[in-house]
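These are the residues of each chain, in order.
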Amino acid sequence: MIKFFLMVNKQGQTRLSKYYEHVDINKRTLLETEVIKSCLSRSNEQCSFIEYKDFKLIYRQYAALFIVVGVNDTENEMAIYEFIHNFVEVLDEYFSRVSELDVSFFNTVFHGTWQMHSGPYQSRSCSVTQAGVQRCDHGSLHPGSPGLK
Amino acid sequence: MVVPSLKLQDLIEEIRGAKTQAQEREVIQKECAHIRASFRDGDPVHRHRQLAKLLYVHMLGYPAHFGQMECLKLIASSRFTDKRVGYLGAMLLLDERHDAHLLITNSIKNDLSQGIQPVQGLALCTLSTMGSAEMCRDLAPEVEKLLLQPSPYVRKKAILTAVHMIRKVPELSSVFLPPCAQLLHERHHGILLGTITLITELCERSPAALRHFRKVVPQLVQILRTLVTMGYSTEHSISGVSDPFLQVQILRLLRILGRNHEESSETMNDLLAQVATNTDTSRNAGNAVLFETVLTIMDICSAAGLRVLAVNILGRFLLNSDRNIRYVALTSLLRLVQSDHSAVQRHRPTVVECLRETDASLSRRALELSLALVNSSNVRAMMQELQAFLESCPPDLRADCASGILLAAERFAPTKRWHIDTILHVLTTAGTHVRDDAVANLTQLIGGAQELHAYSVRRLYNALAEDISQQPLVQVAAWCIGEYGDLLLAGNCEEIEPLQVDEEEVLALLEKVLQSHMSLPATRGYALTALMKLSTRLCGDNNRIRQVVSIYGSCLDVELQQRAVEYDTLFRKYDHMRAAILEKMPLAEQDGPQADEEAKESKEAAQLSEAAPVPTEPQASQLLDLLDLLDGASGDVQHPPPLDPSPGGALVHLLDLPCAPPPPAPIPDLKVFEREGVQLNLSFIRPPENPALLLITVTATNFSEGDVTHFICQAAVPKSLQLQLQAPSGNTVPARGGLPITQLFRILNPNKAPLRLKLRLTYDHFHQSVQEIFEVNNLPVESWQ
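Quick mapping for you: the protein sequence lines, in order, are chains X and G. Residues 1361 to 1509 in our numbering are what the first sequence spells out, letter by letter. Residues 28 to 812 in our numbering are what the second sequence spells out, letter by letter.
One chain only, chain X, in its complex shape (with noise of 0.2 Å):
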């Protein structure tokens, strides 16, 4: 079960963070300033699943923006991973050429989007991001989309 997801860049800042199970606020930022360490450590060479405290953690590098899952044991790593790259291409698509300025200054639509985690479970079919960004629409704030007014 996906215990969070987090976006963080390689300074430290969080980007975006989803907590499926309840973590109180001030221990949210010690957890994710010791997952983004335990993320910079490693170098290109090891693997992409980390063992913290009882979570495991599957992390992702793209340019500066760590993207880092946290699961219990019962979660197939490798999916996981497939998903990440599943989610940022979704975003890519929508954004066309997704940056993390993009990310951390319109990242309200996340929350609408949300809907495709909706629970631990990835819901939506993978990889049509055509329907994906359609999702997107319907929960955008963006004022230029072409939702329904």
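Hint data in this document are derived by calculation from the structure and do not stem from the laboratory. Even glycine gets a Cβ: it sits at the ideal position worked out from N, Cα and C. Treat each hint with caution, since some may be false.
Derived pair list, reagent style DSSO-like, types lysine-lysine, alpha-carbon separation capped at 27 Å [what the hints assert, rightly or not]:
1) K46/G with K57/G
2) K1363/X with K779/G
3) K1413/X with K46/G
4) K1387/X with K779/G
5) K779/G with K698/G
6) K1416/X with K57/G
7) K195/G with K1378/X
8) K1370/X with K779/G
Which stretches of chain G does chain X cover? Using the computed rule of at least three CB atoms under 8 Å from a CB of chain X, they are [to be verified]:
9) 307-314
10) 383-393
11) 579-590
12) 770-781
Assemble the complex: chain X is given as a structure, and chain G must be docked to it using the hints.
Relative to chain X, chain G alone:
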């Protein structure tokens, strides 16, 4: 003049333009003030814009609780833009802890039943994100209706909401169970994925649901088969694998359904083999599906051939260049090694290769797996590899590796000498990381291997001469040198090259250990005791040793000082006993604490001090004698050295000292009455805390062929005693040794007067009423003295 409110984009630009934290705070505070004013005025037109800005500010970490009621108003409005922002605000700002969240239940209900599809979607999304248990219960019927709507967009979201509801309120599974079967017939992948998730949740929560869903296993198998064989469908494929997420999910559900269930497992066997062989493994998506297949095979009751296939797949993963895959393979093999040991053994060389990984997660897994794979046939080869690993592994793995090696050596050591060699090697390489009982185990081992005493002491001496920093090694070496010093100096040992060791060298080494700042106090203790023992083993004179011992008589460490003082006294006054005390130690008990001379001495000393407050006459005088003897010694006086006029029996006598007065001897039971198979027994208890009290338990047993009914027992005692009868356990004793009746008498006898007891029994037996009155003779004296 009314200032027009900022648009969200403009606000973002302003915030980005702020150069410092203080400036940003200023901008935001100004804007928040505007927003609050606007909320107060209740401007409906721009409310959504204000809330949007507020949400943005909330994401930056500033307080936004005053927007909660606005969310409600926005949700209730009829415009889509309003609803959109309102629901988003509800998801971000409201949660179970605030009572306000219940207020949106009604709005959600309306939207779910009457809204257009996007609105229904929004409502479902919000419900699944922040729905509390009460909200879920209220809205479950609405969601259930939406499950069967024609539009896939809404159905998908409804299914996900159902998953959330089941998590919050497990009782709702009865509501959502029936539609599942129908939903499985859908072709839309999103709906399928959601349904499988829902079924998985239901099965995990209730065994009844699990049994119910076993029926759909054939259907699941069919769906998966279609997915796998369908070929290339661009809409749902990732790098050539069609919908790996759905495949993984189905496999997981099959795993849950097939666990411990023969029939379902059999239906799945073919399919699993097919998936395992046909999946394209060049990309991660394919490997993910393959991995899930392997996990499923491992968990269900699969055919033997299938399990071998699974292990082989994992073996193939191990050879893959991608580290992620190797990690996953090592983890799974670790789980398998208990059940399919021989299959995993085949991949042992590859596993050992992985020990050399630079990645910490991989090498840790490889270490665990290698330790699990050690058995009696491969122990020598594996140990070599593991010891090489120990020398080069990162520090956090050292402790695990060392203890693993020691454990494996203990279980599978082919010869004692090999065992000692291995432990020595571990101690020299990773001495600081071994567990505390390694020292005790090693001394035990060496003590038991008589023929290897010379060999071990020699090796240890060499190791110690090179390096005195590793404490466990130093402790063991010091102990051995002390015990077997004579063998060390004897000079001949066939197993390693002969080494001429001088007495002076040995003493110098032990003194070096004593003085080194790296030695722990415990180590120093070992060294001092070893020096003492050598005083009897070596043939030279003992001046050097006596010097050292007397120096340490004024050491700051209390433990060391005490020992030194005792040894000094041993030299001076009790020299005749020195040889006896410092003899070779017998083999200690396996599980008891190490029976060091010191431990015995301190135990006796402790017993002595405990015995001091509870002396009986002869012991008191003995103790006083002992305390008198310590006139000359400086230092602590509470722990006199063990002694007694007769040297041989000294230790034995002291160990006999009782520490507490003996418990009172139990009073024997008394049979007072017997007639035609009916017996009456008395048992006496005198509780030690109340010497005037006597508890008598009267037991009536029946070994005849007829029942005893209406049994009543009464008693009388002399006037100086007080008697209290408690209620009997019953008044019927069944025939042929049935359950006896017991009754408790309490007698208070403060004057210790002689006890006399008269009993009167009435009962019915063989249809006759019996009455007996008698006095109990030969009562034991202890009952009233």
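Okay, the hints, checked on the actual structure:
1. K46/G with K57/G: Answer holds: K46/G to K57/G is near 16 Å, not above 27 Å.
2. K1363/X with K779/G: With a Cα-Cα distance of about 75 Å, the restraint between K1363/X and K779/G is violated, given a limit of 27 Å.
3. K1413/X with K46/G: With a Cα-Cα distance of about 38 Å, the restraint between K1413/X and K46/G is violated, given a limit of 27 Å.
4. K1387/X with K779/G: violated (71 Å)
5. K779/G with K698/G: With Cα atoms ~23 Å apart, K779/G and K698/G stay inside 27 Å; holds.
6. K1416/X with K57/G: It is violated: about 43 Å lies between the C-alpha atoms, which goes past 27 Å.
7. K195/G with K1378/X: holds (19 Å)
8. K1370/X with K779/G: Violated - the C-alpha atoms of K779/G and K1370/X are around 89 Å apart, more than 27 Å.
9. 307-314: holds (count 3)
10. 383-393: holds (count 5)
11. 579-590: violated (count 0)
12. 770-781: Since three or more residues must qualify, the claim that chain X covers the segment 770-781 of chain G is violated, with 0 doing so at under 8 Å.
Consistency note: the structure conflicts with the earlier hints numbered 2, 3, 4, 6, 8, 11 and 12.
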